[in-house]
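For the protein sequence lines, the chains are A and B, in the order given. Take -12 as the starting number for the first sequence in our numbering and just add one per residue. Take 559 as the starting number for the second sequence in our numbering and just add one per residue.
None of these hints come from the bench; they were simulated from the model. Computed from a predicted model, the values in this text were never measured in an experiment. Wrong hints could be hidden among the right ones.
As the list claims (entries may be wrong) - Each pair of labels, with its calculated beta carbon distance range:
{"hint": "1", "chain 1": "B", "residue 1": "T759", "chain 2": "A", "residue 2": "Y0", "range": "41 to 49 Å"}
{"hint": "2", "chain 1": "A", "residue 1": "T245", "chain 2": "B", "residue 2": "T759", "range": "49 to 57 Å"}
{"hint": "3", "chain 1": "B", "residue 1": "S598", "chain 2": "A", "residue 2": "L86", "range": "37 to 45 Å"}
{"hint": "4", "chain 1": "B", "residue 1": "T759", "chain 2": "A", "residue 2": "G167", "range": "57 to 65 Å"}
{"hint": "5", "chain 1": "A", "residue 1": "Y0", "chain 2": "B", "residue 2": "D725", "range": "42 to 50 Å"}
The beta carbon of each residue, even a glycine, is placed where N, CA and C say it ideally should be.
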Amino acid sequence: MNKNRVQVLSIPYILWVIGFTVIPLIFVVAKAATNAEGDFTFEYLLAIFDPVHRKALLLSVCLAFISSVICVLISYPAALILKSAKFKDTKIIMFIMILPMWMNFILRILAIQLLISKNGVINHLLSVLHLGQIDIINTPIAIVIGMVYDYLPYMLLPVLNCVLAIPDDIIEAGKDLGAGKFHVLTKILIPLSLSGIGSGITMVFVPSMTEFVIANILGGGKIQLLGNIIEQEFSVSMNWNLGSGLSLTLMIFVLITTLLFGRNSANNRNFVL
Amino acid sequence: MSKKLIELKNISKSFGSNLVLDELDLYIRENEFVTLLGPSGCGKTTILRIIGGFETPDIGSVYFDGVDITKLSPNERQLNTVFQKYALFTHMTVAENIAFGLRLKKKSDSYIKDKIKYALDLVNLPGYEDRYPDSLSGGQQQRIAIARAIVNEPKVLLLDEPLGALDLKLRQEMQYELIRLKNELGITFIYVTHDQEEALTMSDTIVVMNQGYIQQIGTPESIYNEPTNAFVADFIGESNIIDGIMVRDRLVNIGGLDFECVDEGFGKNEPVDVVIRPEDVELGSPEGGHTTGTVTSIIFKGVHYEIQVESAIGINFMVQTTQNFPVGSFVGINVIPDNFQIMHKPQSEDEEILNIEDIPLKE
Chain A
-12 MNKNRVQVLS IPYILWVIGF TVIPLIFVVA KAATNAEGDF TFEYLLAIFD PVHRKALLLS
48 VCLAFISSVI CVLISYPAAL ILKSAKFKDT KIIMFIMILP MWMNFILRIL AIQLLISKNG
108 VINHLLSVLH LGQIDIINTP IAIVIGMVYD YLPYMLLPVL NCVLAIPDDI IEAGKDLGAG
168 KFHVLTKILI PLSLSGIGSG ITMVFVPSMT EFVIANILGG GKIQLLGNII EQEFSVSMNW
228 NLGSGLSLTL MIFVLITTLL FGRNSANNRN FVL
Chain B
559 MSKKLIELKN ISKSFGSNLV LDELDLYIRE NEFVTLLGPS GCGKTTILRI IGGFETPDIG
619 SVYFDGVDIT KLSPNERQLN TVFQKYALFT HMTVAENIAF GLRLKKKSDS YIKDKIKYAL
679 DLVNLPGYED RYPDSLSGGQ QQRIAIARAI VNEPKVLLLD EPLGALDLKL RQEMQYELIR
739 LKNELGITFI YVTHDQEEAL TMSDTIVVMN QGYIQQIGTP ESIYNEPTNA FVADFIGESN
799 IIDGIMVRDR LVNIGGLDFE CVDEGFGKNE PVDVVIRPED VELGSPEGGH TTGTVTSIIF
859 KGVHYEIQVE SAIGINFMVQ TTQNFPVGSF VGINVIPDNF QIMHKPQSED EEILNIEDIP
919 LKE
């Protein structure tokens, strides 16, 4: 009886998974493994080795990696400062930090564009102050700025949660046993925050790697990430087979990242420095 | 007498507007087992944290072996702490936990290995090197926390309610373990607890505290038998605290009736508090009693009965005895002179009996 009810209740979810995950995935795999005539081919699955695609993949991985590292470098010290400041209500701080997420994603990127473009706000201010000009719009730097700005909350939240959860007496125990500030950080705080950093990296690296909107707007269409190429194959060139093949390749990279960093906290002792 | 190892001089400490310690002086001798005992919020943990270096006093100094250590951080002090919630490093094995302090001191691998083995033997957990703290019981974790502290050969071990999180049976076992450890190591233990039985069992010296003031310092026997004020008498063990008037030396008047006692040096006709421990009230036949009374309730407590007697002098006595006196029986009441403890009336709020409402919910 009870078991039957659970089965009935799970039907909508099963239908959802079949309709929106399994079937589309089958279509993608089928498209990737066939050519326009419908014959089986490895051509599109191996298309990643084409120099243009290879370069785009490399750039995607590089920018996603750099963005993730910058997010860690911003989030971790912020979390430590928040922890030591002992704010009564860290929920308010968290709320303020994730507030930008309430704004439309495209709008936020357009705002960045407005700030850093050649005739943008920053250059205007710099010229008023006679401090020279920045020229970063339409470069990978602009894309990294956009990715960091957009995905920082996804790093901040898990890192902050993890750091705030470290009990004060564990830190005191470290000091008591002779650890100075440096050793408290390297031997206690960082090892105990690795699970948070790991999930943060997964949540920043994966969307950054598959990103194409930020690259379109802040890269001015001149910088091709793998996401851009896939998008164009589907919407401009109408070569769905190639698009699917490249998508599958990207999925493998996402999978690898998730396996590397997405471990749960129970396993975080494997990361002891 | 061994020499003074730790001295606190004129320590005051507030958290916000809350004055936790007020001009407190205290010294601790070498190789003593000292217990700081008091209700939540009495300042005992704050003293421990000041000695450990986790808090800095607003005013006053801490001396260790004659040297002022007030400004030193915890990692620069020759003492180690055992925390209430064990505070083990969950990302390290038991061996790594124990080795933590030694590695920071750059001891050799063989030295560390020997020390780990020695410490695990000492706390009765040999062979636990490669376990993780999560896989151990509360009692085992606390033993590891003790092992982790003592391998550093501190001169003083600070223990902050280390048995607080353990269940009764384990707590009693650990009390004997701690006494044994203290004797084997020959170092000073400073122990914080709110559990008076724990304090009486283990300590050489008990420091009873309330509201930031030291109420009494003494051996367990002297604290129990000769409490200096109503707070101590009430907090340590159970007691009848009765209003009395000191007629003259060695004679106290309770409820209009004179009783012989052994206390001297009070003012003539000074109002006093009289403490009589429940086990010191003797019940017998009405004819033989100094006064008489009627039993109003009797509860069986295992070792003894707890009896309430409404006496002819208008005082309700709590009595502990192995004899059974049914409710309603008419009894004689006797207390020998030695068992009266006469105390001055409380001079300030902190010397008064503790009201349950006064205890803050969180320390």
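Status of the hints after comparison with the structure:
1. B/T759 x A/Y0: 41 to 49 Å: violated, 59 Å
2. A/T245 x B/T759: 49 to 57 Å: Check passed, 55 Å falls within 49 to 57 Å.
3. B/S598 x A/L86: 37 to 45 Å: At 40 Å between Cβs, range holds.
4. B/T759 x A/G167: 57 to 65 Å: Distance hint for B/T759, A/G167 is violated at roughly 38 Å.
5. A/Y0 x B/D725: 42 to 50 Å: Because 43 Å falls inside the window, the suggested range holds.
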